[in-house]
Structures are given as structure tokens and as C-alpha cells.
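Protein chains: 4
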Amino acid sequence: MEINTHSKSLVKKFRDVRARSEEICRPLEIEDYVVQPIVDVSPPKWHLGHTTWFFETFILVPNFPLYEVFDPQYNFVFNSYYETIGARVIRTHRGNLSRPSVSDVYRYRKYVDEKMNEFLDSHYMKDAIAPLLELGLNHEQQHQELLITDIKYILGHNPLFPAYKKDSMQAEKAVKEKRMLRFSEGIYEIGFDGLGFCFDNEMTKHKVYLNDFAISSQLVTNGEYLEFMEAGGYSDFRYWHADGWNWVKENNALSPLYWHKIDGTWMYYSLGGLQEVDLNEELCHVNFYEASAYAAWKAMRLPTEQEWEAASSAFSWGKRWEWTNSAYLPYPDFKKEPGAVGEYNGKFMVNQMVLRGASVATPPGHSRNTYRNFFQPDLKWQFTGIRLAK
Amino acid sequence: MEINTHSKSLVKKFRDVRARSEEICRPLEIEDYVVQPIVDVSPPKWHLGHTTWFFETFILVPNFPLYEVFDPQYNFVFNSYYETIGARVIRTHRGNLSRPSVSDVYRYRKYVDEKMNEFLDSHYMKDAIAPLLELGLNHEQQHQELLITDIKYILGHNPLFPAYKKDSMQAEKAVKEKRMLRFSEGIYEIGFDGLGFCFDNEMTKHKVYLNDFAISSQLVTNGEYLEFMEAGGYSDFRYWHADGWNWVKENNALSPLYWHKIDGTWMYYSLGGLQEVDLNEELCHVNFYEASAYAAWKAMRLPTEQEWEAASSAFSWGKRWEWTNSAYLPYPDFKKEPGAVGEYNGKFMVNQMVLRGASVATPPGHSRNTYRNFFQPDLKWQFTGIRLAK
Amino acid sequence: MEINTHSKSLVKKFRDVRARSEEICRPLEIEDYVVQPIVDVSPPKWHLGHTTWFFETFILVPNFPLYEVFDPQYNFVFNSYYETIGARVIRTHRGNLSRPSVSDVYRYRKYVDEKMNEFLDSHYMKDAIAPLLELGLNHEQQHQELLITDIKYILGHNPLFPAYKKDSMQAEKAVKEKRMLRFSEGIYEIGFDGLGFCFDNEMTKHKVYLNDFAISSQLVTNGEYLEFMEAGGYSDFRYWHADGWNWVKENNALSPLYWHKIDGTWMYYSLGGLQEVDLNEELCHVNFYEASAYAAWKAMRLPTEQEWEAASSAFSWGKRWEWTNSAYLPYPDFKKEPGAVGEYNGKFMVNQMVLRGASVATPPGHSRNTYRNFFQPDLKWQFTGIRLAK
Amino acid sequence: MEINTHSKSLVKKFRDVRARSEEICRPLEIEDYVVQPIVDVSPPKWHLGHTTWFFETFILVPNFPLYEVFDPQYNFVFNSYYETIGARVIRTHRGNLSRPSVSDVYRYRKYVDEKMNEFLDSHYMKDAIAPLLELGLNHEQQHQELLITDIKYILGHNPLFPAYKKDSMQAEKAVKEKRMLRFSEGIYEIGFDGLGFCFDNEMTKHKVYLNDFAISSQLVTNGEYLEFMEAGGYSDFRYWHADGWNWVKENNALSPLYWHKIDGTWMYYSLGGLQEVDLNEELCHVNFYEASAYAAWKAMRLPTEQEWEAASSAFSWGKRWEWTNSAYLPYPDFKKEPGAVGEYNGKFMVNQMVLRGASVATPPGHSRNTYRNFFQPDLKWQFTGIRLAK
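Protein chains in written order, with UniProt numbering: chain A, 1 to 390; chain B, 1 to 390; chain C, 1 to 390; chain D, 1 to 390.
These aren't lab readings, by the way, just hints derived from the structure by calculation. A few of these clues could be false.
Each pair may be met inside one copy or between any two copies, as identical chains are not told apart.
[Stated by the list, open to error] Computed list of lysine-lysine pairs in DSS-like fashion (alpha-carbon distance at most 25 Å, straight line):
id: 1; residue 1: K205; residue 2: K261
id: 2; residue 1: K13; residue 2: K298
id: 3; residue 1: K176; residue 2: K110
id: 4; residue 1: K335; residue 2: K390
id: 5; residue 1: K176; residue 2: K335
id: 6; residue 1: K8; residue 2: K207
id: 7; residue 1: K390; residue 2: K249
id: 8; residue 1: K166; residue 2: K115
id: 9; residue 1: K336; residue 2: K298
id: 10; residue 1: K298; residue 2: K115
id: 11; residue 1: K110; residue 2: K166
id: 12; residue 1: K261; residue 2: K249
id: 13; residue 1: K336; residue 2: K390
id: 14; residue 1: K390; residue 2: K207
id: 15; residue 1: K176; residue 2: K115
id: 16; residue 1: K390; residue 2: K115
id: 17; residue 1: K166; residue 2: K8
id: 18; residue 1: K261; residue 2: K335
id: 19; residue 1: K12; residue 2: K336
id: 20; residue 1: K110; residue 2: K390
id: 21; residue 1: K205; residue 2: K336
id: 22; residue 1: K110; residue 2: K12
id: 23; residue 1: K249; residue 2: K336
id: 24; residue 1: K126; residue 2: K176
id: 25; residue 1: K205; residue 2: K165
Kindly generate the complete structure, drawing on both the sequences and the hints.
Set out below in C-alpha cells:
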């Protein structure tokens, strides 16, 4: 029967996704779960609790009469930006919370997972709930990527530079031919219109008119970016947005994140530890201002998100989130869902730039060429890179 | 001869524009020329000096061999954001500078105007210089609007609420029928392609594909916005962007700028002084967050700048700068000019939203339906308003 | 032989003091060792490492040729404010450091303790080193008090309000008669002049001339302070220093630290957990501004540190650090030691107020009536209280 | 008759003091009256209005039934820190207020002066009011010194470096023999106990016990301080308080205020304009941190305020406010006056350091060897200097 099949595949997906979050955290010490070095980075235990809280709050509590909340205080602790749910007793900061302990959080996950399994096998699980379950799983996959970027930030800003995993995510570095792929002026269709899950911000599919454009078949490499650095790119305001130039001066910016010049050699903190910068590797950890300045120095530009999507089948992507020159704004027929779930995307549609593609930290099966990632233009702790256009 | 005619009309335009800046300042006390209450507002004497410095620096110095700089120190004082020109001895703040005095600034204007008149009559004035002169005049017209908005801010934030002019800019308030104007899906052409002056950011004319949309024939009135306020619009996060909601809370925002509830009555500081809010007048002095929240409360939205431009011949505009839901980004074939003049527009193309139309403070002859104004989403000291779309 | 005896008692003191720091941390979860909620509070593992680093850096490295540094990186991590020693690779924040892990820190302690024991038994241990060893032990005792106050802050600012120990530090609350003890005008002698250890800031003993004064035999209780709160003390600027009043307004201050009004009842977070405020208990966790305002409301004042010391044998003290109205300044013959050890006290002699006595968190044997504690006037996470004078 | 005589001399003093404030402002342009470059500096027109408001509010309104307030709004504008009086409509900043205009302020002064003259001649003027009038005049004299220091700051931070007066305050620079004056241990009497006016903070006269001390007969000169600068004083933390060292680093401090190294020469902005630093002149415009660091570098110290007062008849003083190593605290029998006048001094008795003496900017007749000036330790826009002790 259709529903059962669907349900079974969902049950399997639920188990896989939930297990992968814990798998990502396996190399951590307990202490690594707790700290929050900057406001954008969350403690790993918070990610583990928050993704669990999502299933408890949005699936179990409203739909499973047998469910008892694990701990009513956890709503304050693991709620993120959902203004609809709850208030706070003590104004605090995720990185100040030593409790609940890591083992409490794992007990919380175990409890909710067991109840979810009971629920998914029960008659309370209705077809109408499936989309919300899908959302919860995609939500957890987004946090899996954040888990990796945040763990990297925590370990990479420790003066001992501990490795996460010695062999972590060594991508093949086949040097490929770089060329400009050309596309002709005309109407293109943009947005999601297939089967399966997508976020609300990818809808609805709509027509756009694009001018002639060209886009690179390859991402910018460390070696290419180093030329920009050595040519004085960080000290010449002409390549920068006004806000970008202010960012350079206020932060005394000189290089991508995780680059350290030690005894005359550029070193890079990867999840495997500190190592020499590999000039042939795709550049990583630049922000929008740096990506734009690099493009300006090359007398080129970043693609728009529409150009990127229209061209995406012509190049390989997925190693870096690629900055576009598109602000994060609603598609023509975008509709915000009512209630707390509607806070998911729409309320961020100002002051952020779109990134397209996926990265080495993105969970398998969690990428699409219509996927719209978005961050403020000064952030660079995600696995971000540059693809040029003109 | 073509050139002479052109030149004559430019000479006349030069005199008119320059005179109008001083005309705007006539009602001021000397003290009003000096202060800078917030970083976005400049002292009026700075506007008068800065617009003069533009002609001195970009027209006279490079093109008129007979010219002697009025005071070499003025480059530090009246330079604005042009990173290419000059450095600073003392880091200071426009609102801290009591000198040059107001009479010094008027002497500076007089000196540069006389030299400009000599120059424009001389053989040094070449056709190739005309576009830069046009830019200088349009630049001064932009500062004329800022002069009015900044004077309003300075006087409107003084506890004595002094009037600027008793009869200033009383617009006719004919209550007109409001209706939604409908436009059909298809390709539209956007951008400037006529004769005469435009800014670089309006070019080049290009095709866009728009979905069906509807746009209001009228601006939102004070009375309509008051309904939103009284319905609790400022205390319900659901209508706000996340950044907008933070802005509301940090600033304890409760009303448009210049509104004061005194003894139970909403009062408004206009350039004529403090007066009761006129419910039929077009709403003024809201920021992008407020405009968006109002639209969300009405279950509508702001138009994009492309929709606005495509529809603009179907409604009357010009009383308020109208917030659009478009981020300020380059048009497909936008080219940044080389040198300091190229810093004019392109470097601001991040983190700002586009406003379309013009306002009661815009100089006559300085508006076009392709004009792209832009400000950060939290600013509201310009004469800004709301036109709804869906 | 004199030296051996001395050395033996030092060896015993070394073991006792070092063991007590670990004893204090026994009730903690690993996560509790890591966080830093405010800049004044350090993570417990940092205290454990820093006190160890002191012995390594100032005793073992310069005096014990057989010693090998445990980990050269630890100098960056566990150095505190000693400008003389080392520089930093990465600018960081104690609360961001998940590594070294808690077990690493305990291994570090064990290693240094073993080497110290070897050293103390060896011929390298000279008499001349004893004072520095004494300083190291007193330094660790100071950090033992900070361990308790910081643990309280970490747990007391967690929305789960976990208890540290259920029976922790329940002081006897004998209600005693309160009266004003009177002292006559004249010359008194102030400062340390005995045998045994004292800090450099307690020297040298010197004469002061005091007017007639009276000082309370008892500390202010919670009940007495609650009267001040209920009489509107926090909303009447007349009782406050100008800086204190700014502090009240900026922090919206309404009560001592750790007080929470829940369902109409004043609750207090003690190390045993959240409990009702005990009106007969000595008030705790007020800052200098609050202490001064309370005194002003009672039409009295705080004692000076000279009055406190002169009168100290006439009352019992030791439950609360008692704010005085004396700024932390050098005694007439104060001499700053050369080198890093000289940074211990003298460089803080500005912008801080003196507290006298000791508290329930002070290690046994670590108090004297000449002891000068000092903190900025806005801080109140120490176990601070009020004794009135006039 | 006694009262009349007293009254007549007060009338004369009133006229003289009031005239002198306007005399100080005579060289100013209108624009100079308006700006406020930093929070510690007030616009000159504010000083003129505020001192006038004092007489209106504390003398005329409560005592002269015939008096009509000049403008009730001025209470918001010219009130300073008196929490007792008034509230605010608009939160603003003195440097943002272009109105009341300078001519309005002079009209206000003229109006109040006329009414004061009427009042002083009337039977409403009672003996009991004389102390408050004295306070008002001394208050205005304090603001006369601030007028000079604030005008210097305004003009000295303008890139045009305009002179205030070409011949302003050129003190004789007789190089005198410098020696250490010695004083013996014992009881000294400190505080005001004479006839005539003093501030409440100078009372009451009381005994202190001082150790042997020595104090320099001369102030430190520019040349001596330059040696400290050239010896690397600003880059060696050992000479600085911890807070002082933070101040150095945050402000990148390298020299006294108003010193500019131009083409290799140290220049100094005096009220006569920019000129070369005179090595024999008494050092001016250092803060407490700099004064302390200089003393530490000389292996000496700053005197306490008690030492200074005890020794003051043995040296000449009055050119610089001399930093002491005494925190600003109440004398043993200090009593705060009730009401707004009581806010004058007592509420500042925390977080500030005492300066003794007077300066070239102090009004004639406004200095005493018991006078206690006080400022935060990081401020240096007053005419401050250094006298060493040991």
C-alpha cells in the first residue's frame, strides 16, 4: 500500500539521518560539544538537542497522544529562533550552558528516537504528517553541515590545532581544464518543480530573462587566490564594496579563514590538522566581500543565482558553496507557511546573499541545483568558494 | 553651434542648481549648519562645501590651468567617501568641525562658482567634460534632497521643535480612489535608454520576465498605517523580517520617525513645525522593515523595482520614495567607471534596498522612472513611503 | 634542621592546597569545567591549569634543571595577565577552548605535582625559593575561592539551576544582637607585621589617624536589604553614586545577584540549588554601588579599610567579603617586586575598591585581618556583604 | 551695615564673574559655540546657558516672586546631571542642539542677569541665600575653566588648527632649580577651615598621619617627559597600571594630548595655534595613567593629596592641575547636602582621582590649597601636569 511504503522509506530515512548526526560527533571530546567561540557557531551538543527538539515539538507533541515531553525545560534550551514557541527565564547564551550534559543530550535523542519509531509504526502517523517529517529530516541535514563547519571552527581556533579526523574529507584534486561556458540570452526556468522534498524558498518554478553570459567550468583555486593576495588585493580599496572595505579594515583581513602564515609558509587548518596550503585545491572559506573583490581584480564578476542554476548542468559542483551576486529574496509566488514552521526561511529574506551548489560538508542526498543557501556577506566559516562569470 | 548651445544650457543649469542649494539653506540659523545628530545626517555646511569640492576637484583642477585651489586643507574636510583622493591628518567627524565657518564655506562657493563661470566660457571647456559636469550637477541635486532631509532631522530632533518654513511643502491632499492596477506576465524592458543624463546604475536597458502582478494606484496613508500600529503591528514578530524584529526590539520602535504621542494625540514634526498627524496624508518616514511588516499585515507585499518601473506610467508618483523588495544590485551590463568617479554607485551594491520614484524633497527635474535610489533597510529619515503590490 | 622542618611543612601545605582545588571540582560534570559565561568568570579547568602553570613557570623551570615542560603550548593557554611571559598565536577567549581537555589538565596537574615533590625533596630546593612557593600556594588558594564563585555563577545562570552540592556551606544562622561598636579618635597601626605569609599589598605596617567612628557588630541581613528594595531603593537616584545610578539603569538592576522573584516569592540560587530567600541570613552578592546605596538609605556609610582593620578584633568576620569605602591604593612604603611576580598586585591599584574580611568560600587558613581583597565597584559574583559604619 | 556690605561685594562679584564667561567666548565664531567633539567636552553655548540656568533655577525661581522663567523648555536643554530637576522629551546630546541659538543664549544671560541685579537689590535677597549665590559663582568659575579647556579641544581637533588668541596665556618660563623638599613623619591637618567659600568636599578639616616624604619643588617639563617617550615608555607595560596599559593599547597612545609629530618635529597645539614643543615648559595634558607611568619610570611616585596639601606652602603651584595618587573619596565628616545642590560633589566619589593645585585656565581667585579637583584616570583635556614624590 502506498502509505506504508512511503512510511517505511521515511522510517529508514529517519534512522539514517539521526544516526549520521551522532556519527559526525564521534571523534569529539566531551569538552568540544560545549563551547561557542562566536555567535554564528553553535556548540555541537546544541545542534544535537535542537534537531531532536524539532521532532518532539512539531511531530510528537501535536500528533502522538501517548507522548510525554522528556524535560519541559529543554524548550528554553534547544529552541532556536522560533519566536512562536516559548519564552525564557534567564537570558543566556548557548555557549554558557554546561547543562544539560552531553550524556543528557544523548539520552534525550535516544528517548525521542524511540518514541518516533513507535509513532511512525502507529496509526497516529498520517500521510499529512509526512511533509513535516521530511522538513525535520532536511532540517537535521542542514544542521549536519553546520555541525561540521562549527566543529572545524572550534578546533581550528584552538591554539593546539587538534585534528578532527586524520583522513577527513580528502577530496580528489584532479586538475581539470578551466574554460568559460557560454549561454545565450533568453527565457530560462528557475525553481523547483519536481517530486520529492524542497524548501519553500525554492518555489515556485518561474521564468526569468537572462542576457548572454559566460561562467567558469571550474572553481577558483588556492593558488589563484594567492596571486590576488600577493598582488595587494587586501590593500586596494578599488576592488571592494564600501562595506567590504570597512570589513577589511576593521578586521585587518589578510587571507581566507584558517590560513596562517607561519615562518613564511602559508598553512591551512583542515579537519585533518594544520597543513601546508595546497595551491591546486579549490579555495575555501572566503566571504562574499572577498569573492567579489577577487572577481573585480580579475575584471570579471560573480554569477547571479539564476545564471548559476541555468548553467548548472554544464559543470560539476558540490565541493564549495558558491557565492552568487544575488541577494536572498522571495521568488515571485513565494508563500510563507502559517505558524512556527513558516519562520523557517521567509523571515531571513533581507541582508543576506545567496550561495548555490553544496560542499564537502553537505550530507549525501541533501543537494539540488535549485537549493538556495544564504548567509550574511561577511561570514566565511562555511565551506565557501568562488566561480567566476562575465 | 551645437557645442555652444549645449554649453549655454549647461551654464544656466549650473547657475540654477548652485543657487538652489543656497536657497534651501536660507531659513537656517548659522548654528543649524554645524551639527550632525547621527552619522547618516551631515551638517548643512558640509553639503554646501562637499558639492563645491566636487567641481573643484573633478572639473577645475584637472581641466583649468588657471585655477588655484581655494584652500588645500578643504580636501580633508569636504571629501566624502572617495578613497582615491587624499588622506587625513586628524581623524574627525563632520559634526565636530566648527571651522571652516559658514561664511568661509559661502566664500568657497562664491570663489568656485566664479572660476567655474570663467572656465565654462573658456576654450578649456571641452565637450568631453560635459558628462562630468552633468554628473556634478546631479550630484548636487542629490545633496539638495539630503539637505532637506538632514535639516528636518536636525530641527525635528531639537526639543524646541523649531519650524524650517511655516508654509513648507504643503502638498495637496486630494483623496483619490485607490485600486489595484493589474499587469500581465511577460517580458518587460527596464533601465535607461533615452537622451540626457542618467546615473551609471540605471544602465543598460535590458529585458526582464515578470509574472502577473497588481500594484496599488495610491500610496499608503497615515490613517492606514495607524490601523497597523493600533492593531499591535509593532509587537507581533510574525509580520517582520528577523532583522526587522531585532531592529524593533533594540530601538523600542513604535511609530514612524517624527511621530510623537503627546497627551494622547499623535503629533508629527513637519518642516512647518509640530502638528497633528493628518490621517489622509501619504505616510512618510518608515524604513524597509516597517514597509515590509505593514505589507505582511495587509497580506500583500512590496513591489520589485522591475514591477514598479514597468507599471510606473499607470500611477502618479513623486511624493515619497517608495521602498521596493529589490536589493540594490548591478544591472546585467553594469560597468563601473575607472577612477574616483567610479566609486559613485557600484561600491554600494550590497546590503541596501532600492527605492523608486521621488519625493517632495527631490529637486525639480531630478526624477525619472528609471532612477534607482538606495538605502540600508533600517533608515527612515528620507521622505519614504509604501505602495503595495501582490 | 630549620630548613628541613620548614620544607616539610611546605611540602605538606603544597599537597593539601593542591588536593583541595581538585576536591572543590569533584561535584562537577566535565561540561561544567569548560564554559565562561562572563569575562570575569573563568572556566574551572582554566583555574586548575593556571595555578599549575604558576608552579611550572616560576618554580620548576628556573630552579629545577631536570624539569621538562609538560607542553610548551600551555604557556599560551594558562598564562593569565602576566605581560612578561609569552605571546599568543591565536587571539582567543578562555571560554572558547575545548582543549586541552579536562583529563589533559588533570594529567598536567599530576605531572607538575610529581615533579614538585621531587624538587622539594631535592637539593635544588633552597630557602630563598620558599617565599615564592608560599606565594604560589596563596595564589592557588585565591583561585580556590574563585573556583567556588565561578562554579556558582556557571550553575546559577543555567536555566536548569543544577545544585553543586546539596549540603554545601550551610552556615549556622544564629541571630545575634546587633549594636554599634565605638572607637575613639587617634593614631592606629595598619598593615601586616607578623610572621608568616602576607601579600605585598599588606605592607608595610604604618600609622593612620582616625576620627571617632562606630561600626556595626553584625552584617546586614537579607531581610534588612529587602526593606531597602521594597522602599524603592533601586528607583531613587538620591542614594546612589552617579556611576552607580548609571549601572542601575543600564542593567535594570532590581536585586542582589542570584535573586529571582518567582510567582511572587523571592528565591535565591545557593550552591545547594534554588531556595527561598532566608531573611535572617547575611546578605550576599551585592556590589559596591548597592552597598553604598543601602548605607545612604540608612543614613550611614561604609567603613574605610583602616577603620575596619582597627575595629576587626571587636566583631566576628569571615562570612562575607565586606565592601569598604576605600579605593585600592598602595600603602606608604609599598614596593612593587621586580619581574613578573611584581605584576601580582601593584598594577591593579586604580579603579577598584577594597573588601575586607573573608567569605564562606575562602579556604581555611587563608584569611587575616590585614588581607586586602579588591574588585571593581560593579562586580558582585563574589560572596560580598555589607557592614555599616558612621 | 554688615549685610549690605556683604551684598554689595556679592553684587560686584556676580557682575565680574558673569562678565568673564562672556569675555572668554569673545574670540569665538558662532560655529565654535555649537559642537561637541567628545562626550566630556560641552559646547561653549551650553556652558553659557547652563551656568545661567543655575541662577534661574536655584536662586530666582524659589526666592524671587516677581520672576518669570525665560523659557520653560530651557530646563531640558541646560540641566546637566541634576537628576532632581526635570525630565526629557527627546533623548538628545548637547552637540546636536543647534537651537537655542547663540544669540538666544546671550539674550537668556542678559535677562537673568538683569533679574538677578533686581533681586540682589531687593528685600527678597536674604543672608541665608548668600551661600547658594557663592556656590553659583564658584560653579560658574569652574565652568570658565571648562570653557577654556573645551574651546581648546574643539579648535585643537580641527584640521585647520585655528588659533584662539595669538597671545593667549604665554606663561613666563623661568627655569628654576629643581629639588626634593622633605617632610617629616607626623600628624598633619587637612581640609578647609577658613573664612570665605569652599566646596563641601573640602570639609571638614581633620588630622591625618603621614610618613616621611619628599616632593619635588618643580613640575615635570616637556623635555623630561620626552625622554620617557624616547626611552620607549609607551611600549613597556611594566610602568603602567593594568587599566593604563589597556588604555595605551586601545588608543594607540604615544604622546600627551595636542602633540603631533610633523616632519620629524614634535608640534603642540596651544591656544595660540600650532607651535613647536617647548622643552622647558611644564608638561601639560597627560592623564593619570601617563602621570603614574612616568613616575614609575623615574622610580618615584605621585604624591597623595594629603602630602600635596601638607607641602603646598613650600612650592609654587597653579600652572597645572597636578595628578595625585589619591582616589576621590569623602573626608571623615563629609556631609552631603539635601536636595539637588547635594548632587554637586558627593555622588562622584568613586572611580575618579584627585588633582590638586590650579591651572593657567583657572579663574583668578578660584584656587585654594584645599581645593579638590577630580577626573577619571583616562582624561587629559584639562591642563594637567606631574609633580613627583617619593
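Ascending list of hint numbers which this structure does not respect: Hints 1, 2, 3, 5, 6, 7, 8, 10, 11, 15, 16, 17, 18, 19, 20, 24, 25 contradicted; others consistent.
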